[in-house]
Amino acid sequence: MTHVLIKDLTRRFDSVIAVNNLNLEIESGEMVAFLGPSGCGKTTTLRMITGLLLPTSGDVLFDSKSVLTIPTEKRGAVMVFQKHLLFPTMNVAKNIGFGLRMAKMPQKEIDRRVSEMLELVRLPGFETRRPHELSGGQQQRIALARALIVRPNVLLLDEPLANLDANLRLEMRELIRTIQNELNTTAIFVTHDQEEAVMLADRIALMFNGVLQQFDTPQAFYERPNSAQVARFFRNDNMILGTRRGSVVETPSGNLEIDAGRVDQSDGPVMVTVRPEDVALVPSDNTNLVQAKVLTQVYMGTHKQVQLDVMGHTWLAHGPADFEIEVGQTLPIQLPKTHIWLLPSENGLQNV
Amino acid sequence: MNRLKLFEKLRVPMMLFPALAIVVLLFGGGMISGIGQSVGYFPVIGLQDFTLDYYRDILTDSGFIESLWLTFRLAFLSTLMSSVIAVLFALVLRHAFRGSQFLTFLYQIPIPIPHLVVATGIVLLVSQSGLLSRGAVTLGLTSTPRDFPVMVFDRPGIAIQLTYLWKEVPFIGIVVLAVLKSVGPQYEEIAQTLGANRWQRFRFVLLPLIMPGILSTSIIVFAFVFANYEIPLLLGVRYPTTLPVMAFRNYQDPDLALRPQAMAISVILAIVAILLLVAYKRLAKYAAET
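Just so you know, the sequences run in chain order V and R.
For reference, each letter of the first sequence is one residue, going 59 to 410 in the working numbering.
For reference, each letter of the second sequence is one residue, going 46 to 335 in the working numbering.
Incorrect hints may appear among the rest.
To be verified - Straight-line distance between alpha carbons at most 25 angstroms, and here's what the computed SDA-like set of lysine to any residue pairs gives:
1) R/Lys330 x R/His160
2) R/Lys226 x R/Leu138
3) V/Lys132 x R/Pro253
4) V/Lys166 x V/Gln140
5) V/Lys141 x R/Val228
6) V/Lys123 x V/Phe145
7) V/Lys132 x R/Met126
8) V/Lys141 x R/Met126
9) V/Lys65 x V/Asp121
10) V/Lys141 x R/Phe249
11) V/Lys65 x V/Lys362
12) R/Lys330 x V/Lys132
Calculated from the structure, these hints are not laboratory results.
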């Protein structure tokens, strides 16, 4: 239960700026994802929070106190690595009890807490197993238990689910969420997988090239991305250019009505976007209709994914699974007023 | 079909035969004849009857105990010091820093140089007429070369130890270094975030990881030093001397009647060495448990 404040945090490696002036406030007990493509500075940030790496400038505060002068071993920011990296020379109990042993806790107390932890990660009775006898998922859970037993101020997870297969990922995701809720530990995890971040995190910090793009709830990244780049990272590339004037956006194919209270771009050039799942292939009335040409269609089981040409931009739309449509066909699609979101206009994008 | 099966069965022994023949004939043959001589079977000089007299003579000789102690002390100290210094070097050299590659290269130089050459070099360096002694006089630290501390042909065997250190530190170190580099920094980083201080990270994380490497190399060093005769022969005092030197002198003596004693010493040496190695392995394993 620690409140974490990251203030103007910057890290350079020679001429490269890995993390550039990062500001984040993480509430106590919150689960935050650092999301971004590899090399975006998320792991560097994690290492600076642990103290394994010193920032070039800026500050890290736990409960309003700077921790930069506190060495890693006393900081209580515990790291779980991508590869679970249990100490191969120790059995499960010794691995989990490691932190308590370093703190010179009596062995009896350690034993008691180790078996508690094993209950928590649902591997009771595993004390004497050796790491190499465990499956990937089991190792992951032991690594988690080893971190949680010291009651860390902050739990840091570096791509916690990256090395697990699909079924296991789902199970671990559940488990991490449950345990984190139960213990109410402030947790930060790094991932490049947008879906993982959405399902696991209370809030997501999306970073590109060492710069924070948006720090928000998962829902906000879908409904209210603050730039075209962010929208694209969340798999929405449906965009056309327009000009906002009050409650309409003027586009080459006509005026679109918008919900003025919902959008946050002011009058002037903007980009109009509607997520694929919100584009209406079957209009319910005559408002906000746009001509589109069908480029491809793919049956996805639960729905049909249709690729469209909208004013020279390639859009995706989801229709019912049994939706009858032909490639090359032109049809009016509807951009529902309540689902239109405006992005700041981006250089280089042009309507045809 | 049957012949094929027979051939399959015999294939491995047949392929091993040339190597086995050499080992069995040369090594086993020598050992058996040595053991034979030590218990009184030496037909060349007319000895045929089984006896443990030679063992009794040696084990009751006060000089033998002194020699055994000296041999053990030299081997034990050389192994211990080499291991400790090698680990320290490896801990430094595993980090990449300016000049670390060159330093690693320098560090490996002693490996291919023969012990004899090293021994000669050490004499030139640390004897009373050696380089260091002259340097000390030139610098006014000592008034004559004779004031320089005796390190060659001395009772503690300082020059002997130095020779072993110079040769064995890189040998152990190179193995430990390879292990350390393959282990990477992540185990220590995890330990550090879990609250382990520098010493604890070494003691509970690194040491257990490198212990097998230290163990296997230091056992070789111990066995080598324990049975080595040329260095103490060249750099040591005449009496007391180590068991291998004692055995070698008896063996070379024109009086063939001393040869059974030489063999008895060698057999005792081998038995003691094996016992010590077993004990050492147990001890080291216990020490590595965390």
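Status of the hints after comparison with the structure:
{"no.": "1", "hint": "R/Lys330 x R/His160", "in the structure": "violated (30 angstroms)"}
{"no.": "2", "hint": "R/Lys226 x R/Leu138", "in the structure": "holds (10 angstroms)"}
{"no.": "3", "hint": "V/Lys132 x R/Pro253", "in the structure": "holds (23 angstroms)"}
{"no.": "4", "hint": "V/Lys166 x V/Gln140", "in the structure": "violated (31 angstroms)"}
{"no.": "5", "hint": "V/Lys141 x R/Val228", "in the structure": "holds (13 angstroms)"}
{"no.": "6", "hint": "V/Lys123 x V/Phe145", "in the structure": "violated (32 angstroms)"}
{"no.": "7", "hint": "V/Lys132 x R/Met126", "in the structure": "violated (34 angstroms)"}
{"no.": "8", "hint": "V/Lys141 x R/Met126", "in the structure": "violated (36 angstroms)"}
{"no.": "9", "hint": "V/Lys65 x V/Asp121", "in the structure": "holds (13 angstroms)"}
{"no.": "10", "hint": "V/Lys141 x R/Phe249", "in the structure": "holds (20 angstroms)"}
{"no.": "11", "hint": "V/Lys65 x V/Lys362", "in the structure": "violated (46 angstroms)"}
{"no.": "12", "hint": "R/Lys330 x V/Lys132", "in the structure": "violated (31 angstroms)"}
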